[in-house]
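Engineer: Taken in sequence, the protein lines are chains A and B.
If you're matching positions, the first sequence starts at 1 in full-length UniProt numbering and goes up one per residue.
If you're matching positions, the second sequence starts at 1 in full-length UniProt numbering and goes up one per residue.
Among the clues, some could well be false.
Intra- or inter-copy, both count: the list cannot distinguish identical chains.
[Said to hold, decoys possible] Within a straight-line C-alpha distance of at most 25 Å, the following computed DSS-like cross-link-like pairs (lysine-lysine) qualify: (1) 38 with 344; (2) 313 with 149; (3) 370 with 314; (4) 51 with 269.
Everything labelled a hint here was simulated from the structure, so no lab data went into it.
There are 2 protein chains.
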Amino acid sequence: MITFEEAYKKVIHYRRNYGTETVGLLEATGRVLALDIKADRDFPPFDRSTKDGIAIAVEALDGEKNQLRIEGVLPAGNPRAELSDKNNCMEIMTGAVVPKGADTVVMYEDINIANGLATINQNPTRGQNIHVRGSDVNQGATVLYQDTKISGAEIGILAAVGVTQVVVKKLPSITLISTGNELVEVEETPLPHQIRKSNMQSLYAALREEGIVAQQVHLNDQSEDVREGLQKALQESDVLLLSGGVSKGKFDFIPLAMEELGVKKIFHKVLQRPGKPFWFGVHKATSTLIFSFPGNPVSTFANYHVYFKDWLKKSLGLPILGFDVILTESILANGTLTLFLGVKTFMEAGKLRASLVTENGSGDLMSLAKSDGFIRLAPRDTPYAIGEAVPFVPARNLIY
Amino acid sequence: MITFEEAYKKVIHYRRNYGTETVGLLEATGRVLALDIKADRDFPPFDRSTKDGIAIAVEALDGEKNQLRIEGVLPAGNPRAELSDKNNCMEIMTGAVVPKGADTVVMYEDINIANGLATINQNPTRGQNIHVRGSDVNQGATVLYQDTKISGAEIGILAAVGVTQVVVKKLPSITLISTGNELVEVEETPLPHQIRKSNMQSLYAALREEGIVAQQVHLNDQSEDVREGLQKALQESDVLLLSGGVSKGKFDFIPLAMEELGVKKIFHKVLQRPGKPFWFGVHKATSTLIFSFPGNPVSTFANYHVYFKDWLKKSLGLPILGFDVILTESILANGTLTLFLGVKTFMEAGKLRASLVTENGSGDLMSLAKSDGFIRLAPRDTPYAIGEAVPFVPARNLIY
Numbered sequence: 001m002i003t004f005e006e007a008y009k010k011v012i013h014y015r016r017n018y019g020t021e022t023v024g025l026l027e028a029t030g031r032v033l034a035l036d037i038k039a040d041r042d043f044p045p046f047d048r049s050t051k052d053g054i055a056i057a058v059e060a061l062d063g064e065k066n067q068l069r070i071e072g073v074l075p076a077g078n079p080r081a082e083l084s085d086k087n088n089c090m091e092i093m094t095g096a097v098v099p100k101g102a103d104t105v106v107m108y109e110d111i112n113i114a115n116g117l118a119t120i121n122q123n124p125t126r127g128q129n130i131h132v133r134g135s136d137v138n139q140g141a142t143v144l145y146q147d148t149k150i151s152g153a154e155i156g157i158l159a160a161v162g163v164t165q166v167v168v169k170k171l172p173s174i175t176l177i178s179t180g181n182e183l184v185e186v187e188e189t190p191l192p193h194q195i196r197k198s199n200m201q202s203l204y205a206a207l208r209e210e211g212i213v214a215q216q217v218h219l220n221d222q223s224e225d226v227r228e229g230l231q232k233a234l235q236e237s238d239v240l241l242l243s244g245g246v247s248k249g250k251f252d253f254i255p256l257a258m259e260e261l262g263v264k265k266i267f268h269k270v271l272q273r274p275g276k277p278f279w280f281g282v283h284k285a286t287s288t289l290i291f292s293f294p295g296n297p298v299s300t301f302a303n304y305h306v307y308f309k310d311w312l313k314k315s316l317g318l319p320i321l322g323f324d325v326i327l328t329e330s331i332l333a334n335g336t337l338t339l340f341l342g343v344k345t346f347m348e349a350g351k352l353r354a355s356l357v358t359e360n361g362s363g364d365l366m367s368l369a370k371s372d373g374f375i376r377l378a379p380r381d382t383p384y385a386i387g388e389a390v391p392f393v394p395a396r397n398l399i400y
Numbered sequence: 001m002i003t004f005e006e007a008y009k010k011v012i013h014y015r016r017n018y019g020t021e022t023v024g025l026l027e028a029t030g031r032v033l034a035l036d037i038k039a040d041r042d043f044p045p046f047d048r049s050t051k052d053g054i055a056i057a058v059e060a061l062d063g064e065k066n067q068l069r070i071e072g073v074l075p076a077g078n079p080r081a082e083l084s085d086k087n088n089c090m091e092i093m094t095g096a097v098v099p100k101g102a103d104t105v106v107m108y109e110d111i112n113i114a115n116g117l118a119t120i121n122q123n124p125t126r127g128q129n130i131h132v133r134g135s136d137v138n139q140g141a142t143v144l145y146q147d148t149k150i151s152g153a154e155i156g157i158l159a160a161v162g163v164t165q166v167v168v169k170k171l172p173s174i175t176l177i178s179t180g181n182e183l184v185e186v187e188e189t190p191l192p193h194q195i196r197k198s199n200m201q202s203l204y205a206a207l208r209e210e211g212i213v214a215q216q217v218h219l220n221d222q223s224e225d226v227r228e229g230l231q232k233a234l235q236e237s238d239v240l241l242l243s244g245g246v247s248k249g250k251f252d253f254i255p256l257a258m259e260e261l262g263v264k265k266i267f268h269k270v271l272q273r274p275g276k277p278f279w280f281g282v283h284k285a286t287s288t289l290i291f292s293f294p295g296n297p298v299s300t301f302a303n304y305h306v307y308f309k310d311w312l313k314k315s316l317g318l319p320i321l322g323f324d325v326i327l328t329e330s331i332l333a334n335g336t337l338t339l340f341l342g343v344k345t346f347m348e349a350g351k352l353r354a355s356l357v358t359e360n361g362s363g364d365l366m367s368l369a370k371s372d373g374f375i376r377l378a379p380r381d382t383p384y385a386i387g388e389a390v391p392f393v394p395a396r397n398l399i400y
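Use the sequences and the hints to build the structure in full.
Structural biologist: Written as structure tokens, this is what we have:
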């Protein structure tokens, strides 16, 4: 059996690059940019008024003069105008181009207008209320970098520089495979000895949040079914996520079928709880990766978030940020296993604190709704102390 | 002009309840539960083996006896069996029903099997490796509560209790309205005095992350266009989000058109930067709410996250959790305005720290890509200090 650190390192080692694809701008949210994006023009593209008021040449105000004749009105969206006389002014709207000859905008609140004359009540500063051409960014400068996850802010920038088709990282195709004769469909009424499928529904939903629409397959505990189903999935998908079927049971045909189909086991069993029987392998012919999680709900859910999510981030070129939480209770984690314990988090004065969720072992699906994620406790003899910061694996969106 | 606190309170006061709708299980991710969900049976529904091994009656081992005859094999998915003799045992697979007469499971690792006999090497504890019926939750107990945001964990639970159709909170229908003759479509090459639409693309993307697919409308600076466009949007949508068009400019027809169409202004202008000209109103006839943000990208983006997001949470019954970040620099925020400043965050030993993003005023769209959200600084004479925790408005998914 290998340690958590070894297992994690091996999984990350098998990161993949699935190439790129092009999607429409409004479909790009949540995807990862595959190319740097450059400004197609200066931003702002012209000297732009940031207020409604009058555009003036500040030199017109020298001495006692504080009244300027209004030459006209400049709405946003008009081509650049020009002051015919630097002693005059033009009314100007927010977003409009500052006219040639003007260098300053005085807002309506600071002037009076009567008889075609603007009287300035407050001495303006040269350049005020003008967003100068190129002051945010110059044409050709990089405005967004490759490997950026696209959210609302990035969509605005892509729109501003005219990117209607966005080159993004391609997502892996994934098949979710549930196994076990005890499982029935969600819409069925199970017999007393049966249960409904739930692990794969959980993972389907989690993958949807990553923008991945997974295939779902169920394999019964019959060796031909397992073999055929696996073979098809290995050909069709970049990644298989399995739940159940890799323990020592007499009806766990999966390890054998994997071997026969040319899947190389990278490791089986990790010194961790939950999720000890985690099995990870690669199909030699297709390079398809197989994450085979134990059948218990908490094991599958924790393993997915601990291993698969970081593998996916790494494969998409995203950074793996480490998160920590501060313990509100002391916890003993001696022995040989790395523990993943469900916690509820709460933020207090910028500190993210976590308290343990009571759960009834790794079969306790219901406990997952109470938890925001898992703390990761490496085995050690001294208890983890109140106030100690420990690594945290989020399992839901916490801050948003 | 009203303060940020007053404006925020008024916006939250106008929270709405848009009722409920029913969606398929796999479409429910990200939505908010409208009903409590109860267990349709005990969980687990039967005494379930958590290991592969043998099921025994622990009393069979009294005295020196540690060898039991194997009566048969129990795969998962078989109806409950019965030990014909309490001195015998049955092989049992993970997930299978513990047979009548047995009370303990000993895993394969702790036994030897030869000639139809299992020899137990380690003294078992009565009840070990059995996940007892109803020990997670009893039939009829509430497993998920109304007003819960649905993520992968909740989908698993809904599946387990057989909910294929989920009653969720209905989302408001939203029209995004951009205004201003200087704006052209993203696919166009703007003339020197024009710019591409970007604010509404940002908000469209942000709303998509909330599960809302907004309508988009552009209104030119012509009074009939504005009036007709607004009237249609007021009839069709629960909420209008506008950008631009509520300042003092001569071509800002929106305030007048709003008034003529029977929209009641709740407030206009807030003591805040960016976003001072924020206008908020309600249509008397249709109850449609109007969030009219200033045209500058940073203003619109900050206002959306500060006001609209919390309004939406409140309208869906979600809690508004306050987040804070710890400052890494001292900041002066004297004067009369509440400031919203873009920050980059980073987590360190459970503390979420934030440093200011350099930006070039509220027109600086490019700065938004560098920022994770906004700190909110109420005006005060003493500077905000390094290490101080201040309120934080996230604008992207930070921990996940």
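Engineer: If you check each hint against the structure, which ones fail?
Structural biologist: none
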